[in-house]
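> Using the hints, position chain B against chain A.
Residue numbers (numbering that gives the first Met the number 0), protein chains in the order written: chain A, 0 to 433; chain B, 0 to 224.
These aren't lab readings, by the way, just hints derived from the structure by calculation.
Quantities reported herein were computed from a predicted structural model and do not represent experimental measurements.
Warning: the hint list may mix true and false statements.
Stated by the list, open to error - Derived DSSO-like pairs: lysine-lysine, alpha-carbon spacing no greater than 27 angstroms straight-line:
id	chain 1	residue 1	chain 2	residue 2
1	B	K111	A	K247
2	B	K131	B	K165
3	A	K247	A	K321
4	B	K131	A	K169
5	A	K30	A	K169
6	B	K40	B	K62
Said to hold, decoys possible - Over the 10 angstroms line for every Cβ pair with chain A, so calculated as not near, a few chain B residues:
id	residue
7	I12
8	S21
9	P39
10	T66
11	E90
12	D94
13	F95
14	P99
15	S101
16	A102
17	Y127
18	T136
19	S205
20	R211
For glycine and all other residues, C-beta sits at the position ideal for the given N, C-alpha and C.
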Amino acid sequence: MSQNDYVLRTVEERGIGFIQLWFTDVLGTPKAFHITPQELENALEEGMTFDGSAIDGFSRMQEADVLARPDPSTFQVLPYEGTGSEIARVVCDISNLDGSPFEGCPRHTLRRVAGQARSEGYTFFVAPEIEYFYFASADPSMTPKPLDRGGYFDLSVGDPASALRRRSVKMLEEMGIPVEHAQHEDAPSQHEVDLRYTDVLTMADTVMTTRLVLKALASEQGLVASFMPKPLAGVQGSGMHTHCSLWKDESNAFADPEDEAGLSSTARSFMAGLLVHAPEITAITNQWVNSYKRLVPGHEAPVNIGWARSNRSSLVRVPVAKHGRLESTRLEYRAPDSACNPYLTFAMMLAAGLKGIEGNYVLDDELTSTSAVRQRPLPNNLNDAVDLLENSTLARATLGDHVVEWFVKNKRSEWAAYKSEITQFELNRYLPVL
Amino acid sequence: MPDDLLLCLPATIDPSLLLGLSQAGYRLEQIDAEQLDAAPKQLLAALVSARGGLSAGLETCRKIRATAEGTVPILLLVNQVDASSLEHTGEVFDDFAILPTSASELIVRLSKLTFGRGASSKSTLVTYGPLKINTETYQAAIDGRVLDLTYMEYELLSFLASNPTKVFTREALLSRVWGYEYYGGARTVDVHIRRLRAKLGEEHASLIETIRSVGYRLGQPSWAT
Numbered sequence: 000m001s002q003n004d005y006v007l008r009t010v011e012e013r014g015i016g017f018i019q020l021w022f023t024d025v026l027g028t029p030k031a032f033h034i035t036p037q038e039l040e041n042a043l044e045e046g047m048t049f050d051g052s053a054i055d056g057f058s059r060m061q062e063a064d065v066l067a068r069p070d071p072s073t074f075q076v077l078p079y080e081g082t083g084s085e086i087a088r089v090v091c092d093i094s095n096l097d098g099s100p101f102e103g104c105p106r107h108t109l110r111r112v113a114g115q116a117r118s119e120g121y122t123f124f125v126a127p128e129i130e131y132f133y134f135a136s137a138d139p140s141m142t143p144k145p146l147d148r149g150g151y152f153d154l155s156v157g158d159p160a161s162a163l164r165r166r167s168v169k170m171l172e173e174m175g176i177p178v179e180h181a182q183h184e185d186a187p188s189q190h191e192v193d194l195r196y197t198d199v200l201t202m203a204d205t206v207m208t209t210r211l212v213l214k215a216l217a218s219e220q221g222l223v224a225s226f227m228p229k230p231l232a233g234v235q236g237s238g239m240h241t242h243c244s245l246w247k248d249e250s251n252a253f254a255d256p257e258d259e260a261g262l263s264s265t266a267r268s269f270m271a272g273l274l275v276h277a278p279e280i281t282a283i284t285n286q287w288v289n290s291y292k293r294l295v296p297g298h299e300a301p302v303n304i305g306w307a308r309s310n311r312s313s314l315v316r317v318p319v320a321k322h323g324r325l326e327s328t329r330l331e332y333r334a335p336d337s338a339c340n341p342y343l344t345f346a347m348m349l350a351a352g353l354k355g356i357e358g359n360y361v362l363d364d365e366l367t368s369t370s371a372v373r374q375r376p377l378p379n380n381l382n383d384a385v386d387l388l389e390n391s392t393l394a395r396a397t398l399g400d401h402v403v404e405w406f407v408k409n410k411r412s413e414w415a416a417y418k419s420e421i422t423q424f425e426l427n428r429y430l431p432v433l
Numbered sequence: 000m001p002d003d004l005l006l007c008l009p010a011t012i013d014p015s016l017l018l019g020l021s022q023a024g025y026r027l028e029q030i031d032a033e034q035l036d037a038a039p040k041q042l043l044a045a046l047v048s049a050r051g052g053l054s055a056g057l058e059t060c061r062k063i064r065a066t067a068e069g070t071v072p073i074l075l076l077v078n079q080v081d082a083s084s085l086e087h088t089g090e091v092f093d094d095f096a097i098l099p100t101s102a103s104e105l106i107v108r109l110s111k112l113t114f115g116r117g118a119s120s121k122s123t124l125v126t127y128g129p130l131k132i133n134t135e136t137y138q139a140a141i142d143g144r145v146l147d148l149t150y151m152e153y154e155l156l157s158f159l160a161s162n163p164t165k166v167f168t169r170e171a172l173l174s175r176v177w178g179y180e181y182y183g184g185a186r187t188v189d190v191h192i193r194r195l196r197a198k199l200g201e202e203h204a205s206l207i208e209t210i211r212s213v214g215y216r217l218g219q220p221s222w223a224t
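Isolated chain A, as found in the complex:
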């Protein structure tokens, strides 16, 4: 039995009415087209041609058509779509008409970087913590209205948002997405879903799926699940802290029981790579104007570039591995927000870390509360971050010129649009006095 046979047979047996072919644009927006079971066999064998010019980051000078090639290992029935006939999805890789990988496909970018790690004997495992808010509506003319006044780890009774979160977690589990834990977060109406580690490509697919499931179930209740990095002023924003570890053969290449922090030299160089290249990859991990409203002091978001075991405002945190459990040794990269493109974010994190290993980067001292050294800052706004990305050789080598150039252009225009706005802040502050 081949994977394709399995998929085709399951579609027949389960009476699947439509199959969604999923892919992701350069900004991390989920995209899909629907095909009937009759078209599926052909789609699996030859792919589906479509005009990519309207997709963000897919447009090119010469050729508009691209090919969506379903990855049969990702075939999954969607339990939340089941009204009448069932719907399944298959995640696609986008290729050129000649079958070569399309340079604008984020999944292909991540696959390539993961392949590079593998050629050096490493497998990269990641586990993100996805923070988000539930709101009564996404009407932009009003300040978003939280559904509760709860706080971190609050155990509340009869709270519709927490019930919704529990239902969503159950559905994720049914779809084979194990959830490490889920909880109420610090801000009112803010929740968090922590996913169990998987290999990096599977996890990027999983993050896309998770966001869709959370949004779909909220919408069934007439509510909104929002991954906007900082929807409310004065409280925490929504990060996507990502735990990561590199494995070589059957052991965790980050672990060294002899080391005082439990970290191997591989872990230290990887972390140094993340820290050195952090400014130039921030445009990818934090890709919106609003992302930089989250990266401010005082809300457990990282601002300065450093690492620590306990300091939660550090960019990289080294969680204490449970006693004697070397396999749980890992690093937590705290910059990404929940509205990032997970494919490109994981690709850049891995590329930065591998660069550190390859170049034997030396890790700075751990940040302590009394650290006297002035820390390098993360970029202050989207415009600065985009400048750093544009000049980054690492980003160009990892993402390719096509993606970098399109991304820079797109983000410059977002920044220009933002700059031309007169905000409520300015009116409040200046109109009465100037």
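Chain B in isolation, oriented as in the chain A frame:
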């Protein structure tokens, strides 16, 4: 499961090799060539040692080919000095390994030889407690609830369910279920087991048990319940 059976000839075959194969999850039946007529007919593969001499070994292979189960894959073990004489032996065997060899070499060769055979290929309904798997339609259900499995989740579950109560190391699962196309090592198995348990649901997640420092098994042996 009769189709999980590996026939080993002659009965005097090196016990240390057999131990390794048995640990990897193969069921073994040791016999001599003379007993072939009485041997089980449903086989995964045959392992023939020609340590006592090449011509006797080849004769055994021909005998197996002549039985009803003539299509069973045959792995031949030969001495180094005999290797050069294998050239014109045609279809008598499917693969060979040179003695002395190791269980791990044999496991790799056998899994390649038997790819697509065995466990799930013959009987159509595998049942264990509340779990039912129809290997004809590739559908699995628990307590009557259909499970929406990905291909690898299905393969893993049907393998475990076809060999209930038997403990498999993660390495054995990798070689038997994933074959060659995997990466991520034994952690891949852990990830898939977690995904399977999540889909089985809280009530049935414990159907797949973690045997600490060893591996996994589906279902408990009867004396434990």
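> The structure should be examined with respect to each hint, and the outcome stated for every one.
Tested hints:
no. : hint             : in the structure
1   : B/K111 to A/K247 : holds, 24 angstroms
2   : B/K131 to B/K165 : holds, 18 angstroms
3   : A/K247 to A/K321 : holds, 20 angstroms
4   : B/K131 to A/K169 : holds, 22 angstroms
5   : A/K30 to A/K169  : holds, 24 angstroms
6   : B/K40 to B/K62   : holds, 13 angstroms
7   : I12              : holds, 30 angstroms
8   : S21              : holds, 22 angstroms
9   : P39              : holds, 24 angstroms
10  : T66              : holds, 27 angstroms
11  : E90              : holds, 25 angstroms
12  : D94              : holds, 22 angstroms
13  : F95              : holds, 28 angstroms
14  : P99              : holds, 25 angstroms
15  : S101             : holds, 18 angstroms
16  : A102             : holds, 18 angstroms
17  : Y127             : holds, 20 angstroms
18  : T136             : violated, 5 angstroms
19  : S205             : holds, 15 angstroms
20  : R211             : holds, 13 angstroms
In summary, the structure is inconsistent with hint 18 from the numbered list given earlier, while agreeing with all the others.
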